[in-house]
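Participant: Below, each chain spelled out in residue letters.
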Amino acid sequence: MEETLIASPETGSTRKMTLNMGPQHPSTHGVLRIVLELDGETILTAAPDIGYLHTGIEKEFEAKFYAQGTPLTDRVDYLANLSNNLCYALTVERLLGLEIPARANYTRVLMAELTRLNSHLVWLGTHALDIGAMSMFFYCMREREDILRIFEMFSGQRMMTSYIRIGGLALDHPRGGLDTIRKFIDAFPSKVDEYENLLDQNPIWKNRTQGVGYIPLDDMLDLGVTGPMIRAAGLAWDIRKSEPYSGYELFDFDIPTRQEGDVYARYQVRMDEMRQSARIITQALDGMPEGPFKAEAPKVMLPDREKMKTQMEALIYHFKIVTEGFAVPKGEAYVAVESPRGELAYYIVSDGGSKPYRVHMRTPSFGNLQALPAMVEGGLIADSIAGLGSMDFVLGDVDR
Amino acid sequence: MDYFLVSLIKIVVVFGAFMTTLAYLQWVERKVLAHIQLRLGPQRVGPHGLLQPLADVIKLATKEGVIPANVNTFFYILAPFIAVSLALISIAVIPFGPAIELFGVRTNLELTSLNIGVLLILAISSVGVYGIALGGWASNNKYSLMGGLRSSAQMISYELPMAIALATPLLVLNTLDLRQIAERQGGGWFWNWTAFSAPPLLFIAFVVFLISAFAETNRVPFDLPEAENELVAGFHTEYSSLAFAGFFMAEYANMVTITCVATTIFLGGWHPPFPAPYSNYVPTALFWFFGAILLFHGLTQPARRWDRFTFPIFGVLSLGLGAIFLGATFFPVVGQILFPVFWFVAKVGLLLFIFIWVRGTLPRFRYDQLMRFTWTFLFPVALGCLLLTGLKVALFG
Numbered sequence: 379m380e381e382t383l384i385a386s387p388e389t390g391s392t393r394k395m396t397l398n399m400g401p402q403h404p405s406t407h408g409v410l411r412i413v414l415e416l417d418g419e420t421i422l423t424a425a426p427d428i429g430y431l432h433t434g435i436e437k438e439f440e441a442k443f444y445a446q447g448t449p450l451t452d453r454v455d456y457l458a459n460l461s462n463n464l465c466y467a468l469t470v471e472r473l474l475g476l477e478i479p480a481r482a483n484y485t486r487v488l489m490a491e492l493t494r495l496n497s498h499l500v501w502l503g504t505h506a507l508d509i510g511a512m513s514m515f516f517y518c519m520r521e522r523e524d525i526l527r528i529f530e531m532f533s534g535q536r537m538m539t540s541y542i543r544i545g546g547l548a549l550d551h552p553r554g555g556l557d558t559i560r561k562f563i564d565a566f567p568s569k570v571d572e573y574e575n576l577l578d579q580n581p582i583w584k585n586r587t588q589g590v591g592y593i594p595l596d597d598m599l600d601l602g603v604t605g606p607m608i609r610a611a612g613l614a615w616d617i618r619k620s621e622p623y624s625g626y627e628l629f630d631f632d633i634p635t636r637q638e639g640d641v642y643a644r645y646q647v648r649m650d651e652m653r654q655s656a657r658i659i660t661q662a663l664d665g666m667p668e669g670p671f672k673a674e675a676p677k678v679m680l681p682d683r684e685k686m687k688t689q690m691e692a693l694i695y696h697f698k699i700v701t702e703g704f705a706v707p708k709g710e711a712y713v714a715v716e717s718p719r720g721e722l723a724y725y726i727v728s729d730g731g732s733k734p735y736r737v738h739m740r741t742p743s744f745g746n747l748q749a750l751p752a753m754v755e756g757g758l759i760a761d762s763i764a765g766l767g768s769m770d771f772v773l774g775d776v777d778r
Numbered sequence: 338m339d340y341f342l343v344s345l346i347k348i349v350v351v352f353g354a355f356m357t358t359l360a361y362l363q364w365v366e367r368k369v370l371a372h373i374q375l376r377l378g379p380q381r382v383g384p385h386g387l388l389q390p391l392a393d394v395i396k397l398a399t400k401e402g403v404i405p406a407n408v409n410t411f412f413y414i415l416a417p418f419i420a421v422s423l424a425l426i427s428i429a430v431i432p433f434g435p436a437i438e439l440f441g442v443r444t445n446l447e448l449t450s451l452n453i454g455v456l457l458i459l460a461i462s463s464v465g466v467y468g469i470a471l472g473g474w475a476s477n478n479k480y481s482l483m484g485g486l487r488s489s490a491q492m493i494s495y496e497l498p499m500a501i502a503l504a505t506p507l508l509v510l511n512t513l514d515l516r517q518i519a520e521r522q523g524g525g526w527f528w529n530w531t532a533f534s535a536p537p538l539l540f541i542a543f544v545v546f547l548i549s550a551f552a553e554t555n556r557v558p559f560d561l562p563e564a565e566n567e568l569v570a571g572f573h574t575e576y577s578s579l580a581f582a583g584f585f586m587a588e589y590a591n592m593v594t595i596t597c598v599a600t601t602i603f604l605g606g607w608h609p610p611f612p613a614p615y616s617n618y619v620p621t622a623l624f625w626f627f628g629a630i631l632l633f634h635g636l637t638q639p640a641r642r643w644d645r646f647t648f649p650i651f652g653v654l655s656l657g658l659g660a661i662f663l664g665a666t667f668f669p670v671v672g673q674i675l676f677p678v679f680w681f682v683a684k685v686g687l688l689l690f691i692f693i694w695v696r697g698t699l700p701r702f703r704y705d706q707l708m709r710f711t712w713t714f715l716f717p718v719a720l721g722c723l724l725l726t727g728l729k730v731a732l733f734g
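Line by line, the protein sequences are chains A and B.
Per my numbering, the first sequence runs over residues 379 to 778.
Per my numbering, the second sequence runs over residues 338 to 734.
Calculated directly from the structure, the hints in this document are not laboratory data.
Hints are supplied without guarantee of correctness; some may be wrong.
Restraint-style ranges between C-beta atoms, simulated for each label pair [unchecked claim]:
| no. | chain 1 | residue 1 | chain 2 | residue 2 | range |
| --- | --- | --- | --- | --- | --- |
| 1 | B | A360 | A | P751 | 42 to 48 Å |
| 2 | B | Y361 | A | K561 | 37 to 43 Å |
| 3 | B | L687 | A | K619 | 51 to 57 Å |
| 4 | B | K400 | A | E440 | 46 to 52 Å |
| 5 | A | K561 | B | F690 | 31 to 37 Å |
| 6 | B | L720 | A | T396 | 53 to 59 Å |
| 7 | A | K584 | B | L725 | 26 to 32 Å |
Ideal placement from N, C-alpha and C gives every residue a C-beta, glycine not left out.
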């Protein structure tokens with residue numbers, strides 16, 4: 379690194395300047411540090427430095443019962459908590475071999491898609507803010523607030539919902555919950571039109587995003603990039619279609635793709651995804667079946683409060699599950715879901731006890747962030763900001 | 338002696354009004370932006386946050402002024418002074434109204450009558466960038482340095498189209514004296530104003546000037562030197578306390594000055610958009626309309642608890658202002674000051690609103706895109722405008 383120092387009597391007339399962007403910087407979305415080597419405003423090399431938000435969540439799982447792991451998953455990717463809930467629940471359920479009732483599956487899809495809207499709205503607001511369109515942020519937050527209210531209605535929490543539990547859901551729907559969602563989702567596509575009105579044809583927006591942050595598709599595949607980024611480069615890769623889970627195969631939706639692979643294409647893909655999510659939510663609302671919201675598995679699922687007060691066995695099971703947890707058969711499982719950011723997967727190894735032996739997450743933000751140097755090197759500082767925004771990473775998701 | 342006293346009074350009045358405008362422009366900007374963005378803006382200090390500028394001044398003045406290590410202290414301290422003093426000078430040559438006669442003294446509604454006012458403004462505005470460039474360079478901060486560099490590059494790009502756009506109406510008006518420029522546009526309807534007088538050439542020049550003005554004042558979409566999402570705070574990253582306030586004030590002072598120049602040269606200065614006896618009722622009508630709305634909302638549907646009191650109070654004030662303007666139609670002594678100043682302020686206010694509106698709407702240019710835009714689009718357009726106007730003047734007089 380010696381030759382990269384700023385010009386000084388010792389280094390002579392070098393033209394390079396090392397700029398330490400972050401961990402405190404308005405546009406790194408959290409605590410990402412990027413060491414940029416600059417020639418004027420052109421980026422020669424970029425080295426992302428992660429780990430400032432390392433929380434040790436993966437290790438933490440090993441000290442907790444399986445059921446106690448759900449709240450941890452909320453905190454990994456705090457903008458797509460329900461996707462994480464869902465992925466963790468699916469992985470444990472595969473180990474347990476649980477059968478999930480249809481009502482729970484529909485609600486899971488509903489919630490996962492609302493999470494996608496939530497995450498994409500935050501992305502759009504902050505991305506536009508980074509490029510200088512300040513007002514977009516507030517318009518997006520207006521809709522996000524509605525989604526958070528829905529989450530609060532269903533789970534009692536706005537962000538750390540822990541609503542999707544192993545074996546089903548935490549609670550059944552609240553009174554009027556589905557009506558609230560329908561009211562929101564009927565109005566939502568017009569809101570997306572409103573955002574596009576402000577940005578889609580705006581020449582400054584196009585100038586700042588078109589042809590910026592391009593990565594070839596092959597490089598993306600090598601780097602492990604998934605989600606909207608890879609779909610914007612032309613590959614229709616979506617876990618919801620390729621390996622359907624939670625009954626996604628019952629829903630009718632498209633995978634939006636673009637060929638350009640630049641920031642503008644990613645923007646368009648995400649905007650289309652919001653529309654597709656709205657379609658899925660409408661279908662889930664229309665087809666929502668009646669029935670139980672939890673799997674029928676007395677040794678794993680906590681019994682209803684009503685039964686606990688009348689039946690001896692229910693009380694015993696409740697005591698045993700809460701104090702000792704439930705044993706999970708020996709084995710390992712890897713389940714991937716499509717989180718708003720890309721392919722999210724949990725890999726759980728069980729030694730037959732009530733606590734996991736190892737939990738590993740394949741988080742989309744981490745894979746996507748690997749493409750950062752490939753994306754920004756050779757561009758300008760302003761391009762790196764646009765590129766960073768288009769990756770839509772969450773540092774909690776990167777560092778775990 | 339008379340001249341000295343009159344000048345002194347004018348300086349006090351103009352300076353007081355200018356400083357108040359700067360302070361409240363910031364309040365207006367926050368309010369307008371807030372309402373664009375579904376927020377309320379300042380609400381806590383005073384009714385509707387009206388004392389917020391005062392609170393900001395007290396906060397900035399009482400803060401510790403930190404001088405970071407290894408800065409070039411001389412230039413570091415000098416830069417905000419350059420920025421703010423140069424930003425405050427130009428207002429001196431702006432005429433706010435016609436020559437008036439008060440208590441037997443005849444004087445112009447401006448601080449100094451220069452016969453080269455336009456040149457002075459151009460000169461001052463090009464030196465103004467030194468404050469930013471020096472501040473960025475002296476701060477010993479890489480972000481500041483890049484902010485300073487960007488502003489220098491930006492200045493080179495927008496200065497030329499701006500000067501050419503400013504020169505275009507001068508071909509028609511044939512003077513460099515801002516007072517004469519304003520006077521020649523008066524006496525009739527708004528199509529006598531420069532911007533509308535030789536359609537569409539001078540209107541294009543006006544738009545080019547306005548776009549360059551956004552760059553000159555470092556406003557969105559050209560706020561590259563302080564692009565906070567890229568350069569943290571750009572050239573003023575390392576500044577705190579009153580030094581920061583200096584840069585802040587300079588930005589707003591530049592905004593007011595440049596809109597005043599645009600009003601004087603392109604929008605007919607203090608002249609109303611249609612002839613005098615009728616245009617004099619416009620302020621009264623506006624203020625009464627505004628007051629009536631405030632009274633209606635405050636008394637019948639207050640959104641917040643205090644609106645029941647604040648809205649009617651401001652409504653009555655507005656009605657009173659309207660009454661003053663109505664009275665002024667009967668007393669020419671007062672009217673000769675009030676009406677020109679009203680129209681001048683109204684036009685400047687409209688342009689300032691456009692500045693704020695754009696900030697709430699548009700994303701930011703990239704540094705090389707700004708240069709490409711100014712050199713390959715703005716500059717040829719301004720030049721073409723100038724040449725065609727010259728041709729027109731040469732052929733048809």
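Participant: Output the numbers, in ascending order, of every earlier hint that fails for this structure.
Facilitator: Violated hint: only 6; rest satisfied.
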